[in-house]
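Residue numbers (our numbering), protein chains in the order written: chain A, 1 to 472; chain B, 473 to 944.
By construction, these hints were calculated from the structure, which means they are not laboratory data.
Since the structure is predicted, the reported quantities are computational estimates derived from the model, not experimental observations.
Where is the CB? At the ideal position from N, CA and C, for every residue including glycine.
The reader is advised that the hints may include incorrect statements.
DEER-style ranges, computed between Cβ atoms [said to hold, decoys possible]: (1) B:T508 to A:R447: 52 to 60 Å; (2) B:W829 to A:A207: 53 to 61 Å; (3) A:S131 to B:P504: 53 to 61 Å; (4) A:G10 to B:A749: 18 to 26 Å; (5) B:T689 to A:E80: 50 to 58 Å; (6) A:N401 to B:V503: 52 to 60 Å; (7) A:P203 to B:A614: 13 to 21 Å; (8) B:A749 to A:A348: 41 to 49 Å; (9) B:N639 to A:A348: 48 to 56 Å; (10) A:S291 to B:I787: 39 to 47 Å; (11) B:G480 to A:G450: 54 to 62 Å; (12) A:A207 to B:N873: 53 to 61 Å.
There are 2 protein chains.
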Amino acid sequence: MPLFQAIGIGRAQGLQLLIMIGSLLLWWSAVPEGLTEPAWKLFVVFITTIALVISGTMAIFTAAIIGVSAAMLTGTLTAEQAFLGFSQDFILLIIVAFLIARGVVNSGLGKRIAYLIISRFGYSSLGLSYSIVAADMLIAPAFPSNTARSGVLFPIVNALASDSGSNPDDGTRRRIGAYLMFCSMAGLSISSALWLTAMAANPAGVAMAQDMGINITFGSWFFAASVPCLVAFLVVPRVLYVVFPPGLQQTPEAPAAARESLRAMGPVSYQEWVVGATFIVMVLLWVFSKSLGINNTAVAFSGLAVLMLSGVFTIDDLHEEGRALDTLVWFAILYAMSSNLNAFGFMAWLGGYLADWVGGFDWGLVFALLVVSYVVIHYFFVSQTAQLLALFSVFLGVGLNAGVPGELMALMLLFATNFMSVIAPQGSSANVIYLASGYIEASEVYRYGGIVTAVNSLIFLTVGTAWILLVT
Amino acid sequence: MPLFQAIGIGRAQGLQLLIMIGSLLLWWSAVPEGLTEPAWKLFVVFITTIALVISGTMAIFTAAIIGVSAAMLTGTLTAEQAFLGFSQDFILLIIVAFLIARGVVNSGLGKRIAYLIISRFGYSSLGLSYSIVAADMLIAPAFPSNTARSGVLFPIVNALASDSGSNPDDGTRRRIGAYLMFCSMAGLSISSALWLTAMAANPAGVAMAQDMGINITFGSWFFAASVPCLVAFLVVPRVLYVVFPPGLQQTPEAPAAARESLRAMGPVSYQEWVVGATFIVMVLLWVFSKSLGINNTAVAFSGLAVLMLSGVFTIDDLHEEGRALDTLVWFAILYAMSSNLNAFGFMAWLGGYLADWVGGFDWGLVFALLVVSYVVIHYFFVSQTAQLLALFSVFLGVGLNAGVPGELMALMLLFATNFMSVIAPQGSSANVIYLASGYIEASEVYRYGGIVTAVNSLIFLTVGTAWILLVT
Numbered sequence: 001m002p003l004f005q006a007i008g009i010g011r012a013q014g015l016q017l018l019i020m021i022g023s024l025l026l027w028w029s030a031v032p033e034g035l036t037e038p039a040w041k042l043f044v045v046f047i048t049t050i051a052l053v054i055s056g057t058m059a060i061f062t063a064a065i066i067g068v069s070a071a072m073l074t075g076t077l078t079a080e081q082a083f084l085g086f087s088q089d090f091i092l093l094i095i096v097a098f099l100i101a102r103g104v105v106n107s108g109l110g111k112r113i114a115y116l117i118i119s120r121f122g123y124s125s126l127g128l129s130y131s132i133v134a135a136d137m138l139i140a141p142a143f144p145s146n147t148a149r150s151g152v153l154f155p156i157v158n159a160l161a162s163d164s165g166s167n168p169d170d171g172t173r174r175r176i177g178a179y180l181m182f183c184s185m186a187g188l189s190i191s192s193a194l195w196l197t198a199m200a201a202n203p204a205g206v207a208m209a210q211d212m213g214i215n216i217t218f219g220s221w222f223f224a225a226s227v228p229c230l231v232a233f234l235v236v237p238r239v240l241y242v243v244f245p246p247g248l249q250q251t252p253e254a255p256a257a258a259r260e261s262l263r264a265m266g267p268v269s270y271q272e273w274v275v276g277a278t279f280i281v282m283v284l285l286w287v288f289s290k291s292l293g294i295n296n297t298a299v300a301f302s303g304l305a306v307l308m309l310s311g312v313f314t315i316d317d318l319h320e321e322g323r324a325l326d327t328l329v330w331f332a333i334l335y336a337m338s339s340n341l342n343a344f345g346f347m348a349w350l351g352g353y354l355a356d357w358v359g360g361f362d363w364g365l366v367f368a369l370l371v372v373s374y375v376v377i378h379y380f381f382v383s384q385t386a387q388l389l390a391l392f393s394v395f396l397g398v399g400l401n402a403g404v405p406g407e408l409m410a411l412m413l414l415f416a417t418n419f420m421s422v423i424a425p426q427g428s429s430a431n432v433i434y435l436a437s438g439y440i441e442a443s444e445v446y447r448y449g450g451i452v453t454a455v456n457s458l459i460f461l462t463v464g465t466a467w468i469l470l471v472t
Numbered sequence: 473m474p475l476f477q478a479i480g481i482g483r484a485q486g487l488q489l490l491i492m493i494g495s496l497l498l499w500w501s502a503v504p505e506g507l508t509e510p511a512w513k514l515f516v517v518f519i520t521t522i523a524l525v526i527s528g529t530m531a532i533f534t535a536a537i538i539g540v541s542a543a544m545l546t547g548t549l550t551a552e553q554a555f556l557g558f559s560q561d562f563i564l565l566i567i568v569a570f571l572i573a574r575g576v577v578n579s580g581l582g583k584r585i586a587y588l589i590i591s592r593f594g595y596s597s598l599g600l601s602y603s604i605v606a607a608d609m610l611i612a613p614a615f616p617s618n619t620a621r622s623g624v625l626f627p628i629v630n631a632l633a634s635d636s637g638s639n640p641d642d643g644t645r646r647r648i649g650a651y652l653m654f655c656s657m658a659g660l661s662i663s664s665a666l667w668l669t670a671m672a673a674n675p676a677g678v679a680m681a682q683d684m685g686i687n688i689t690f691g692s693w694f695f696a697a698s699v700p701c702l703v704a705f706l707v708v709p710r711v712l713y714v715v716f717p718p719g720l721q722q723t724p725e726a727p728a729a730a731r732e733s734l735r736a737m738g739p740v741s742y743q744e745w746v747v748g749a750t751f752i753v754m755v756l757l758w759v760f761s762k763s764l765g766i767n768n769t770a771v772a773f774s775g776l777a778v779l780m781l782s783g784v785f786t787i788d789d790l791h792e793e794g795r796a797l798d799t800l801v802w803f804a805i806l807y808a809m810s811s812n813l814n815a816f817g818f819m820a821w822l823g824g825y826l827a828d829w830v831g832g833f834d835w836g837l838v839f840a841l842l843v844v845s846y847v848v849i850h851y852f853f854v855s856q857t858a859q860l861l862a863l864f865s866v867f868l869g870v871g872l873n874a875g876v877p878g879e880l881m882a883l884m885l886l887f888a889t890n891f892m893s894v895i896a897p898q899g900s901s902a903n904v905i906y907l908a909s910g911y912i913e914a915s916e917v918y919r920y921g922g923i924v925t926a927v928n929s930l931i932f933l934t935v936g937t938a939w940i941l942l943v944t
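With these hints in hand, go ahead and build the complete structure from the sequences.
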């Protein structure tokens with residue numbers, strides 16, 4: 001921009017400077033009524049961090065460590081508050097799943113599965129993306145953790161990308177890898193909305209709705225979700241195809257080449273058997289973790305241990321995986337900021353503010369405003385579960401008071417908890433593994449994830465709402 | 473071993489099998505009286521993990537993830553208990569200090585300081601090692617955190633090693649790097665014992681002694697520590713020189729070559745200025761962190777942010793640092809096991825057992841037994857501070873009851889808290905950064921760190937005890 005040139009700094013430094021000035025003005029401005037000073041200051045730190053990432057001028061890691069330093073050095077957060085995210089088991093699960101994915105690739109099994117998929121659906125990028133999302137939607141009801149499910153899908157998408165000649169570090173990431181990763185990440189926002197048992201927080205929301213007299217079952221959830229999810233499934237990969245297009249579009253010769261490569265790979269190797277068996281056991285344990293009373297992250301650590309003992313993933317491999325550390329640090333820091341923002345009362349204040357605002361409107365308008373607000377507020381939440389726990393009951397109560405049909409309001413907020421997951425890089429722990437791959441940049445998630453979220457919202461607020469009103 | 477060959481497995485697998493069999497026998501044996509079942513089971517998991525590392529057949533990372541999986545899947549630890557180490561600020565401090573060290577190396581400043589040291593003291597490996605430990609002992613009183621001090625020394629030692637043609641990954645680590653790293657790590661065990669303010673837990677121990685009527689000041693501590701620390705300073709680098717010798721011993725031409733390299737480097741670059749200034753500010757903030765009320769880890773994160781914003785340490789550099797993730801995971805896991813072992817009452821049980829045992833002996837014998845036991849028990853503690861808090865008062869009380877002079881008993885336990893720090897890789901958070909470098913293996917710390925600890929104990933129990941009895 002000319003202004004920046006006039007004072008002799010580049011565009012990136014100029015944007016960063018503007019953000020810092022805005023941040024300082026907010027920091028020194030009066031604390032809004034009803035908020036404590038720590039809540040307000042933490043909010044300023046948090047949006048500054050996010051603004052630095054959205055501006056596209058700073059890595060999310062750098063923005064996060066600046067944010068946490070600022071919060072700690074100004075006394076806004078104690079060490080214990082600032083670092084609580086690092087010991088969250090679901091965050092460690094992402095990191096371990098990422099390392100296991102590397103083992104799947106190392107063994108050659110990822111390549112083999114990728115070739116099998118390409119040989120059937122590989123005529124176009126769009127065909128591949130649909131096959132990935134469809135597979136996700138079919139396995140979803142058996143995976144109560146969308147984080148664990150991302151750990152299953154990611155290695156396959158990763159192999160699909162690299163076997164199509166698209167890699168994160170050599171300038172070819174946009175060829176097809178970035179598109180497929182984004183589709184799979186966005187696909188999780190749909191597959192998690194489709195089934196009551198496809199995301200850890202869904203049953204919690206159903207229980208909270210039950211407390212307010214609204215009864216939702218596995219069947220009624222699926223029936224209500226089926227039509228909007230099907231529409232979103234058909235639309236989202238095409239939207240991404242337009243706004244975030246892959247360089248490689250038609251690949252008519254790919255299936256034949258994949259079949260040839262499969263023949264060249266020969267029979268399944270010892271390492272592939274080890275990884276395959278480990279993976280199947282892990283998946284079974286993840287699926288039944290709740291009834292067996294075992295922890296998902298412990299399962300992942302055990303799986304990683306097996307891969308290390310059998311030499312599929314070595315200590316030397318681990319020493320190359322600095323990206324996993326990058327991911328752990330930024331995600332744990334943003335998670336802790338969001339948790340504390342909630343603990344400091346910021347979220348409750350925001351919810352109350354909103355309830356006052358929509359108080360006098362017609363129920364249709366109240367419904368739309370509540371859903372849109374619920375989605376937009378997700379910029380501040382680094383966990384779908386946390387937002388559900390903090391705001392679902394408040395929003396549902398406001399909606400019921402305004403005369404919105406209970407089942408519609410409850411289902412739509414529950415669906416929104418899932419379909420808004422790609423609004424920001426930290427919007428879901430399932431996103432994080434895709435970002436760690438290096439195929440997608442954080443600022444791209446803000447841009448194209450924002451578009452996907454808008455499309456999802458539109459589909460659910462129109463087709464979805466009409467369908468739910470018809471069938472309930 | 474012939475037995476293993478007879479059943480067709482290698483030495484490593486055989487040792488691992490033996491350890492697992494021993495572990496299962498302990499697991500299924502009766503819980504010792506006075507211990508709860510979780511305390512006993514966690515103890516079995518912990519010593520199995522440590523045995524796998526000592527055997528030299530498994531990386532400490534692999535052993536740690538096997539241990540934590542076993543503890544969680546058997547229900548011995550909850551996720552919260554198992555992962556509490558990940559959010560400890562002093563553990564994160566090590567990780568960030570390690571990354572900053574990489575920035576010091578990248579900028580060329582590490583190389584410059586290394587050449588300056590070599591040009592003065594570089595005639596022999598022994599000369600270099602003495603210069604490193606002497607520098608540590610001189611700066612120690614100003615550093616209340618030995619972890620932060622290791623973050624200052626490490627980048628210099630790292631540059632010294634690599635500029636002497638010794639690197640972790642190309643088979644040259646034992647040339648001189650491993651020896652220098654070990655000397656600096658062992659040097660911290662001496663420098664921390666020399667000054668009341670050289671380690672975070674020292675003042676806590678002094679306060680606990682005060683509660684039992686024993687008065688220790690900054691001056692009386694230093695006076696009592698001076699003679700044994702001086703002897704240890706003279707002896708330890710020579711002992712390591714014999715048991716863990718560097719390949720490169722005499723380097724008469726090194727100082728002249730270093731002077732030549734310094735000339736070739738030319739004037740101090742922009743990046744070196746940035747790193748130098750950042751480092752000086754960080755050191756000042758670390759030194760005054762207590763009086764300023766700021767957190768050491770926040771200081772480190774800020775320093776890393778400055779290095780990243782100025783391009784000295786980039787996101788791509790971070791993505792190479794998988795070793796930092798390795799370190800974070802194993803250390804956090806072992807720390808959590810040890811913390812929980814303490815919380816489950818295992819340490820108190822062990823202390824009580826010991827008190828009963830030494831009850832009837834002469835005070836000289838009681839004194840020696842208490843100090844040796846205190847040192848050996850450090851195998852189970854993944855923090856010097858934790859051991860001091862758990863056992864210092866118990867051991868001091870037993871000694872006083874048996875007639876050991878109070879000041880002798882208190883000072884010796886306080887010194888031991890420091891001089892035993894290299895008994896195991898996890899014995900001090902200050903060790904961890906040296907291990908992360910890749911120059912030293914975990915099983916080597918058990919072996920040669922064990923020897924250093926025995927030498928330190930002998931010096932303090934003979935010369936040290938005589939000196940303290942003379943001057944108090």
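Results for each hint:
Separated by about 55 Å at the C-beta atoms, T508 (chain B) and R447 (chain A) satisfy the suggested range of 52 to 60 Å. The supplied range of 53 to 61 Å is met by W829 (chain B) and A207 (chain A), whose beta-carbon atoms lie about 55 Å from each other. A hinted range of 53 to 61 Å holds for the C-beta pair S131 (chain A) and P504 (chain B), which are about 58 Å apart. The hint said 18 to 26 Å for the Cβ distance between G10 (chain A) and A749 (chain B), and at roughly 22 Å that hint holds.
The hint said 50 to 58 Å for the Cβ distance between T689 (chain B) and E80 (chain A), and at roughly 32 Å that hint is violated. Evaluation of the 52 to 60 Å hint for N401 (chain A) and V503 (chain B) yields a pass: the beta carbon distance comes to about 57 Å. The hinted window of 13 to 21 Å between P203 (chain A) and A614 (chain B) is violated, with their beta carbons roughly 55 Å apart. Distance hint for A749 (chain B) and A348 (chain A): a CB-CB separation of about 44 Å, consistent with the stated range 41 to 49 Å.
For N639 (chain B) paired with A348 (chain A), a C-beta distance near 55 Å keeps the hint of 48 to 56 Å intact. A hinted range of 39 to 47 Å holds for the C-beta pair S291 (chain A) and I787 (chain B), which are about 42 Å apart. Against the hinted window of 54 to 62 Å, the Cβ-Cβ separation of G480 (chain B) and G450 (chain A) comes to about 60 Å, which satisfies the hint. Under the hint 53 to 61 Å, the C-beta atoms of A207 (chain A) and N873 (chain B), about 57 Å apart, fit the expected range.
When each numbered hint is compared with the structure, violations occur for hints 5, 7.
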